[in-house]
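With the hints as a guide, bring the two chains together.
Sequence order for the protein chains is A and B. 1 is the number of the first residue of the first sequence in our numbering; add one for each residue after it. 314 is the number of the first residue of the second sequence in our numbering; add one for each residue after it.
The set of hints was computed from the structure by calculation and includes no laboratory data. The beta-carbon is built from N, C-alpha and C at its ideal position, and this holds for glycine as well. Treat the hints loosely; a few may be bogus.
As the list claims (entries may be wrong) - Computed beta-carbon distance windows for the label pairs:
{"id": "1", "chain 1": "A", "residue 1": "191", "chain 2": "B", "residue 2": "470", "range": "35 to 43 Å"}
{"id": "2", "chain 1": "A", "residue 1": "135", "chain 2": "B", "residue 2": "484", "range": "56 to 64 Å"}
{"id": "3", "chain 1": "B", "residue 1": "603", "chain 2": "A", "residue 2": "169", "range": "31 to 39 Å"}
{"id": "4", "chain 1": "B", "residue 1": "486", "chain 2": "A", "residue 2": "273", "range": "46 to 54 Å"}
{"id": "5", "chain 1": "B", "residue 1": "474", "chain 2": "A", "residue 2": "269", "range": "41 to 49 Å"}
{"id": "6", "chain 1": "A", "residue 1": "269", "chain 2": "B", "residue 2": "439", "range": "43 to 51 Å"}
{"id": "7", "chain 1": "A", "residue 1": "291", "chain 2": "B", "residue 2": "536", "range": "30 to 38 Å"}
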Amino acid sequence: MLNMIGFVGAILCLLLGWQFPWSKTPLIMGLCYGLASLGVSVMMRAGQVSFGHALYAAIGAYTVAFVTRAYPAIDGIVLLSAALLVSGLAGAVVGLFMVRYRGIFFGMLNLALSMVVFAMLGKMYNWSGGTDGLRMERPTLLGFTLERADFESSLLIVVVMCVVGMVWLVQRYFKSAAGEALAGIKTNETRLEYLGLSARLILWQAYVLSALLVGLSGALFAMVQGLVTPDIGAWLHSGEYVFIAVLGGSGHAIGAFLGAAVFETVKLFAAAYMTGIWQMLLGLTLIFVIILAPDGIVGLMRRKSVHRHQEDA
Amino acid sequence: MNLDLVLLAVADGVSYAGLLFMVSLGLTLICGVMGIVNVAHGALYAFGGYAACTLSLQVMQNTPSTFLLLLVLPIAALMVGLVLGTAIEAGLLRRIQGRDPVQQLLMTFAGFMVLEDVQRLIWGTQPYSAPDIIGRLGTVNFFNVTYTSYQLVLIPLMALISYAGLMFFLRFTSTGRQVVAVTHHREMATALGINAKRVGWLTFVLGATLGALGGAMAAPTTSMVPGAGADMIVLSFAVVATAGMGQITGALLASLMIGLTRSAAVYLAPEWEVAVPYLIMALVLLVRPDGLFTVAQARRI
Numbered sequence: 001m002l003n004m005i006g007f008v009g010a011i012l013c014l015l016l017g018w019q020f021p022w023s024k025t026p027l028i029m030g031l032c033y034g035l036a037s038l039g040v041s042v043m044m045r046a047g048q049v050s051f052g053h054a055l056y057a058a059i060g061a062y063t064v065a066f067v068t069r070a071y072p073a074i075d076g077i078v079l080l081s082a083a084l085l086v087s088g089l090a091g092a093v094v095g096l097f098m099v100r101y102r103g104i105f106f107g108m109l110n111l112a113l114s115m116v117v118f119a120m121l122g123k124m125y126n127w128s129g130g131t132d133g134l135r136m137e138r139p140t141l142l143g144f145t146l147e148r149a150d151f152e153s154s155l156l157i158v159v160v161m162c163v164v165g166m167v168w169l170v171q172r173y174f175k176s177a178a179g180e181a182l183a184g185i186k187t188n189e190t191r192l193e194y195l196g197l198s199a200r201l202i203l204w205q206a207y208v209l210s211a212l213l214v215g216l217s218g219a220l221f222a223m224v225q226g227l228v229t230p231d232i233g234a235w236l237h238s239g240e241y242v243f244i245a246v247l248g249g250s251g252h253a254i255g256a257f258l259g260a261a262v263f264e265t266v267k268l269f270a271a272a273y274m275t276g277i278w279q280m281l282l283g284l285t286l287i288f289v290i291i292l293a294p295d296g297i298v299g300l301m302r303r304k305s306v307h308r309h310q311e312d313a
Numbered sequence: 314m315n316l317d318l319v320l321l322a323v324a325d326g327v328s329y330a331g332l333l334f335m336v337s338l339g340l341t342l343i344c345g346v347m348g349i350v351n352v353a354h355g356a357l358y359a360f361g362g363y364a365a366c367t368l369s370l371q372v373m374q375n376t377p378s379t380f381l382l383l384l385v386l387p388i389a390a391l392m393v394g395l396v397l398g399t400a401i402e403a404g405l406l407r408r409i410q411g412r413d414p415v416q417q418l419l420m421t422f423a424g425f426m427v428l429e430d431v432q433r434l435i436w437g438t439q440p441y442s443a444p445d446i447i448g449r450l451g452t453v454n455f456f457n458v459t460y461t462s463y464q465l466v467l468i469p470l471m472a473l474i475s476y477a478g479l480m481f482f483l484r485f486t487s488t489g490r491q492v493v494a495v496t497h498h499r500e501m502a503t504a505l506g507i508n509a510k511r512v513g514w515l516t517f518v519l520g521a522t523l524g525a526l527g528g529a530m531a532a533p534t535t536s537m538v539p540g541a542g543a544d545m546i547v548l549s550f551a552v553v554a555t556a557g558m559g560q561i562t563g564a565l566l567a568s569l570m571i572g573l574t575r576s577a578a579v580y581l582a583p584e585w586e587v588a589v590p591y592l593i594m595a596l597v598l599l600v601r602p603d604g605l606f607t608v609a610q611a612r613r614i
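Bound conformation, chain B alone (with noise of 0.2 Å):
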């Protein structure tokens, strides 16, 4: 393997990182703040893909601007979450708010199973894809490698966009602040004053929002086809579980470590490449039952 093929890897690994961090991101802040494993998740990840290319066709037909081109994939996800998080968050969730953690999973794995459905009576069975995008921002090179630059830019650039974008919201803001004090104690929260129910739809749509963003980015490298939802879900779970549940940064070291390591298998020993993030899933949770990052926490009796 000469330093091209390394190369090669790590633009391969880091691209695909930031598409799973954004999903991720999505998936351990819901986890984080209501202790719910969504795995509608998946779902909200296909709905964003194909909102995306449905909508840059129009967009494309209609004006050469490349700008404009790119906010589609923002927007397209903004209204996927908006709808379908709503949707979900109101028409679900909240229907069993504090049963058992487990009914809450099936509960969203219906939901899962309903979208999936959906997706296929809107768009059918063929392949989608918005190829266009890709080729009008052209390609960089480092050394000697050519990439495309949506992939090894912008696509990074944007996971780290969300990242901070989160953060800030977070630790800076008061909506984000409140958001923080639910996950930390719903009931003192509420006795603060603060709007749990409020808070969790937020975090919901939230959480919604960037799990169709990594959707509506990944549109332009891949094509959507039915049962892409349900590999992602998967994939961001493994994140989500190595990192440990509500770990933001975490989240972001597990995808770039899984993303990497993957790429590497692709080219080292490609039969594989599907198993190596479970693999690496495993590994961690045998010795740190918890995941990588969680920090141990007083037991509230």
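Next up, chain A with everything else stripped away, as it sits in the complex (with noise of 0.2 Å):
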């Protein structure tokens, strides 16, 4: 059933795009959301909550901006593939010291090592631009140029047919042998070693790879903006990935998209109706969902669904 979701609402989306161009540009941004809660989302699965993934949407964005302004003929898809590179590689680094770190230190090294990267990316002006970010122009896409309406179309494409891709390759990770000792770390680390697994390498792989979802949202949402301030490495970016690796739950890929759709809805909602108090009513979710569903949305799904096939049996 949650693939037929994941289905109807990448259809649902590229249809909401074409239909209302308004829509096109929240689209992006909350996939982008969703791809970046996937990636933390992914350590989630294996118990770990990261506050600091918003460091490789900063490096994923920077990158795709210092390359474009070195390289100003470049293509789009080489940005994304340049900054699915980098951020993988930073990812493989600092994994490296992060898998020794269980729970709350992982948290916060994590916390730790984003803000320091987003001090610095505050303060060298030379270099990054300071706080005010930046500027870049809109690359070709697939050798195309393209007006402002037709390269947000395309790269609502792009982004959509991300996205099918790595709701894909990470369902075929959690249901890898790598993907199910991932979620053994969670259950029973000790258990998992006395069977001969490294959990650290176990741990490094899904490092590496929420690093590059992560990145490669950052590099996305750089592209649809034109702009990229230090503002997307701030901790409260890493907060609102957690929140919505929470609401969607890590029991299936599509959940951190399903968890976006309803933080996307709430925030607009509240913007409309309730302007000042959007992060009152983001944390009486949170609170409702922890305590009435603590899997998530995929959880509460799950629940249901295996309900009705009882019922039927």
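Here it is in structure tokens:
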């Protein structure tokens, strides 16, 4: 059922963007949030919550900005690949250290690192443009030079394709031996080690994957905005990713996007009708989710479909 | 860098470390006893600060006494700690007791989001301050440096009083020893007749009050603005993680370390100021993954 929701959702996004041009930017933003939260929820499957993954969004976004400013003629797809490469490399190096920590230390160390980078990005004026950030030209996509409206439409298609591909990939990973072992870290790490598996290696693989996902989201975000500021690496964004991942649940890769949909809806609703207290609404939502549905939206759906199967039998 | 500047940097660092320590003390106490990292602690800091500003404005108009004006700070902190501490502990945390620590962490994160907006609804977005206190207490001179006595004497003094008071409470009073017992083994302590629920509440309110006290003491020196709580919580996290969870004396040393290094950075390399506490924390955790002062513990099976 969740796979079906994924396909319907992807087609719905494209239809919405085609029918209502104003919805293209919020859709891309929402999907970017979903991608980043998917990265966080990969780590959450191992019971590790990172409060600093916005770092990789910043790495992806600044890679796009630096490359396109150095080589203005470069294509958007190449930019995305470069961002993937750099954020993956960064995740591989940082991950070597991070996999030694569990629980709150894991979360805090990620947070600390992202804060250092965030602060540096804001201060290193000649290099990163400081808090004003870096502005960049609209890149070509697959060789086509596009006007703003067409660029947004094409970018929406690219984003939806990325999302579908990533959800498929992550879901395959969850079902693979390494992915099942990853969930084993949450259940009982000692037992995993007794089975002859290296918990650190498994966690490292997941960490690189999560860095890739968040990096891709940051790069797409930079391309749709045309502007990269240090704000993209702020810890509040890391918090939002965690929020969405919890809301959606880490049981299925689609969860992050269901969570992102709810998140964006609450935010839009609050911005329209209850300006000034949208954070309170989000907080209350989170409280209810934790008390009533600790496994998120995906967990709720699974529980329902299990009930139905039992009634059928 | 001449001697005066060094002294000035040390004074800055000590005063800042005092504030940082009071907030971290509350955080590490709650963490040690309940095993919860309380993200809402940042909101308690902010509420303490705002409440102190509002109260001291009222008191200032009605009495010329400096002592009463100073007394306002701990009273504001106690009020905030009692009300919000009880609300968070009984309203949120008790409902998910015994669940995954990550969920408890997220619960306090949700509480923090709600409280941030409540604070904005009560006090708005304009900056608040309680500056008169510093002026009334005057300045102190040492060597060639002049510094406000509030920041150089009162804040570190208050931090040391909190530290000594908490140590005395935990070591020498019956309730305090019950808190320690629950920290070591909740189930065993309950079996011995300790009311673990009450101890949990007490610890949380105590920790919350310390966080609010940090805010109240900071109120005269800075202006309270939205977002102040978020900055503080991340910083005091760094202190607690550097020292090791639940290490009270460790937190004292770690705040001094971070406070002094930070003020040195302000004079030597200003652009590194924000990053310094996290660099220290990352370096410490790389060498000692459980913090500087954590003692090895036997694993319970």
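Going through the hints against the structure:
{"no.": "1", "hint": "A:191 x B:470: 35 to 43 Å", "verdict": "52 Å, violated"}
{"no.": "2", "hint": "A:135 x B:484: 56 to 64 Å", "verdict": "60 Å, holds"}
{"no.": "3", "hint": "B:603 x A:169: 31 to 39 Å", "verdict": "35 Å, holds"}
{"no.": "4", "hint": "B:486 x A:273: 46 to 54 Å", "verdict": "51 Å, holds"}
{"no.": "5", "hint": "B:474 x A:269: 41 to 49 Å", "verdict": "48 Å, holds"}
{"no.": "6", "hint": "A:269 x B:439: 43 to 51 Å", "verdict": "27 Å, violated"}
{"no.": "7", "hint": "A:291 x B:536: 30 to 38 Å", "verdict": "37 Å, holds"}
When the structure is compared with the earlier hints, violations turn up for hints 1, 6 and for no others.
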